[in-house]
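> Residue numbers (our numbering), protein chains in the order written: chain S, 5 to 340; chain F, 10 to 628.
Hints listed in this document are in silico derivations from the structure and should not be mistaken for laboratory results.
Where a beta carbon is used, it is the ideal one built from N, C-alpha and C, also for glycine.
It is possible that part of the hints are untrue.
Said to hold, decoys possible - Cut-off 30 Å, straight-line C-alpha distance, at most; resulting in silico cross-link-like pairs (DSS-like, lysine-lysine):
#1 F:K281 to F:K385
#2 S:K96 to F:K510
#3 F:K90 to S:K96
#4 F:K544 to S:K96
#5 F:K90 to F:K557
#6 S:K327 to F:K484
#7 F:K385 to F:K510
#8 F:K484 to F:K432
#9 S:K322 to F:K597
To be verified - Computed spacing ranges between beta-carbons, pair by pair:
#10 F:E543 to S:D111: 23 to 29 Å
#11 S:V228 to F:S94: 54 to 60 Å
#12 S:Q28 to F:A151: 54 to 60 Å
#13 F:S545 to S:G145: 36 to 42 Å
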Amino acid sequence: MATREAEQAFVARSWGRADPGFYQANCASCHVTTCFDCHGGGGHQLALPGKEDCHSCHRGYYVGADYYGMAPREDALRYQRGPDFQGEHYLKMSADVHQRAGMRCGDCHSMASLAAGRKSAVSCRDCHQPDPTIIEHSIAGHLENLECYSCHSAWAAQEYGTFFVRFRDSSYQQYFHVRRDQTADNYIRSAYLRRQNLPPLGINEEGRISPIRPQYLAYFSDVVGEEAVGEENRLLTAEWRAFFPHTVTRGTPMCDACHHDPQRFLLGDPETRIYRPEQDGLTLGSFWEQEGQDVVNGSFYPRQRFDNMSRRSPEFVKAYVQKWKNLTESVAPSLP
Amino acid sequence: MADFRFFLFLAVTTVFLSGCWFAGADESTCVACHQGLEHVSPTHNDCVDCHGGDATEKDKDLSHRGMFGKKNPAAPKVWDKTCGSCHPYQLERVKSNLMTTATGMIKNIQLTWEGEDGRLYANQTLETHAADGTPVTLEGVAALDHLSGELYRKFCALCHVSIESNQIWEGSHGAGCAACHFPYNENATYQGGDETVKGKWPYSASHEMQVLPDNSVCVRCHNRSGRIALNYQGLNDGNNSLVPTSNGFPGPQIIGGVRNVTAIAPDIHHEKGMECIDCHTSRDLMGDGYAYENMYHQVEIRCEDCHGSATERPTFATVQRENDEAVRESQHYQRQVQMGDELILTSKGRKYSNVFQEDDKIWVVGKRSGKRHESKVITDTPEHTIAGHERMACYSCHSQSVAQCYGCHTQYDLRTTGRDFIKQQDTPGAFSESEDYRMLYPFPLALDQRGMISPVTPGCQTFVTVIERDGSRSKDSYVAVYDGEQRLRFAPFFGHNVGKKAVGCGDCHSNPAFVGFGQHVVEGDSINATLICEKSMDKPLDGFVTLKNGDYRAFSAIVREHSRPLNSQEVQRTWAVNQCLVCHPDPKDPIYQKELDYRELDTCLARPAAERTLNSSGD
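So that you can see chain S by itself, here it is in the shape it has in the complex (with noise of 0.2 Å):
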């Protein structure tokens, strides 16, 4: 968190081969400079962390106000409204479900994790044991592949291409309509797609099924006077994380949200994708096909274990169909 080692390679790999002076720029606010910039206080007076101090950080597209049910908002000044935490608007979403038991960063996260250099203190399975009744946690193959948050984790937010535009002598800066408050004077930030809904899947280091985002797909402008300079919305890199949304919940998708889903794990069929940024000039043929992507912290799903994956065998059918008639037949009559 002190040295930001792995955010400076970042940026060195990606926006800091167009702007040297990137990471400076507009991502050093965020960098641990003292102790009391967690710990309060002064002098000797040292505090545990408010709730509200991690935050100064880990906000915005950051696991962290995703845990109170927030997600970041389209960047167009349109969607500037609602919720407001430190000063930035946010979507409603449901909350963390340790976040609505009154549970605290520092109950997970204690400081001699932390210091340890450990994302955290303890792990779901540390204080949950799983209850073989549950449908899901009958299957073997579940408790082996999966981290609990792949199926347990309400929502993630997702950015799908980050520009970051750089202006000099420019008078075209003006011209975005886009918040202003999340870089250098003379950049804009904004994101050509967000989303908020089931993450994606991938595999992480441990070798486990769990949720990736794009972190980031790295596109940059650069604009001098009245015209781009270079190449325009150059895709700098396209990379992507496993990480853990801190958007917990009780639920879980039905089975076909992974087993009925190739799109889920980037393996969607390109004849019937949507969205097409290749035709507006960001190289890539759609977000969420693999090729010329890379998780940087694990791997993409592999098209062979997704088709195994989704073969009907006896047992699957069984569950699958279970599942169904337990809530189709939970469904009261009544009218709408």
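Assemble chain F onto chain S, guided by the hints.
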């Protein structure tokens, strides 16, 4: 047809060769000044016939004195004397046309903004005839003294054909007939050959009449709200992020209101080269003389007209008279209707003028292009005769995407003034909008005005804030009463983004978002929304039904008569199919030709099933 083009070519060259072709050309001072001005058409030959004025006066002011409608003789103030003097049939239709009166828009704003007063309004007071033929008076909307009237006059009124709009990039148009037949370019500037007008604003791009308007004319207005002209062409008015850049400027393509449009899959009909007017008849667009109250009553075309329904093939009538309407209508088409043509009929039983049956096949001919397209008939095919799908609108399965705008926050501020486009003056009260989220897929389904299951889109989720002159808020994110209850509203909607492939059976049946739950997770006998309406603890912003501990409820209305969300039995039937689809994914499977017997399932599960792999679609 090539010979028509040749005729036009001849006509134009004759003008240039002889210097002028106007009646009394020798004396025409119009021609003397406006050299290089495009000819309107081969049959519109006299400046004064359309424009008035005096073609003998040399002085500009004297010559221009008494001109009709200044630069636009097609404007509603004068169209009786100009276009209408030769084209009374068209003018009388256009006068009662919804694109002119906006009666439907005004009525629906009233309905959803608590402004209903039992009256029907139009842009201007109009004596006309209702759909049932009885005389009706539409009152001028200037008299609608209600917030809904203000919204119409200050927000919506620019987008109808009786008022000029000239300050919207890619969204400007002239008034009256000229709105469609003398289109403006992207910035309403004349780009033709008359040096006295060249580069001037606001003028039509050319003085040549567009007899058959192309898509760029339709998109001038149909680019907001449902934005069907954009969706059709594969353009997404999405989050207006203004990227990627286009030579340093917001891009990739900018339309009015600081919005950008990005690329999505176009409608299959667009991909095949069909234009808006190739499906839509002149009665759809210009009206048929009756004053309908909603566009879905004025529009006479249906998918089934050309593609057949599950049980009935398209119907046709043979052209037996030379004065058949279709013969006249097609006179400027590349392919003119001939005696003996078997023309396909619309849902109102009237003839298309460009769709006919030949060798047992249905052919659509591009009105401007002449290109022939075979229209595949689906009648009696097993995937279209699925038991229980009788009520499905074609575009419930065949839409690739449906534009959905969630959360429309409208503010009316009496501390400033706003332009009233009907009264043509600034009056106290200015509107501004902000919003929550737009998306394309999945899209919810509900029953429409015909009792058919159809896509629905917010119509509208309006949260109204009114700021009084003293700065106090008399309404703060207010949700209006609709049909007796304070609630948000969805409207049946055809998104004009038909794909090659239909939405897969499992994609729809196994995703509760299609029933109206929005994005969600399932917890036992509850479906929990994950994108939440700010006004509630747990209701979906992107949906209109909830399931809590088995209790299924709808909390938003579906506007329009007979419309409603699916009821609990219908939802159960929808989901129960998943128990079959898992082994029988093919829509052509014979088990779907009769009502499903779920007791079969027990024996079914006892049998060893062959392993299958399902196909799916994605975005």
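> A separate judgement is required for each hint: does it hold in the structure or not?
Outcome of the hint check:
no.	hint	in the structure
1	F:K281 to F:K385	13 Å, holds
2	S:K96 to F:K510	34 Å, violated
3	F:K90 to S:K96	57 Å, violated
4	F:K544 to S:K96	10 Å, holds
5	F:K90 to F:K557	64 Å, violated
6	S:K327 to F:K484	45 Å, violated
7	F:K385 to F:K510	14 Å, holds
8	F:K484 to F:K432	25 Å, holds
9	S:K322 to F:K597	23 Å, holds
10	F:E543 to S:D111: 23 to 29 Å	28 Å, holds
11	S:V228 to F:S94: 54 to 60 Å	58 Å, holds
12	S:Q28 to F:A151: 54 to 60 Å	59 Å, holds
13	F:S545 to S:G145: 36 to 42 Å	37 Å, holds
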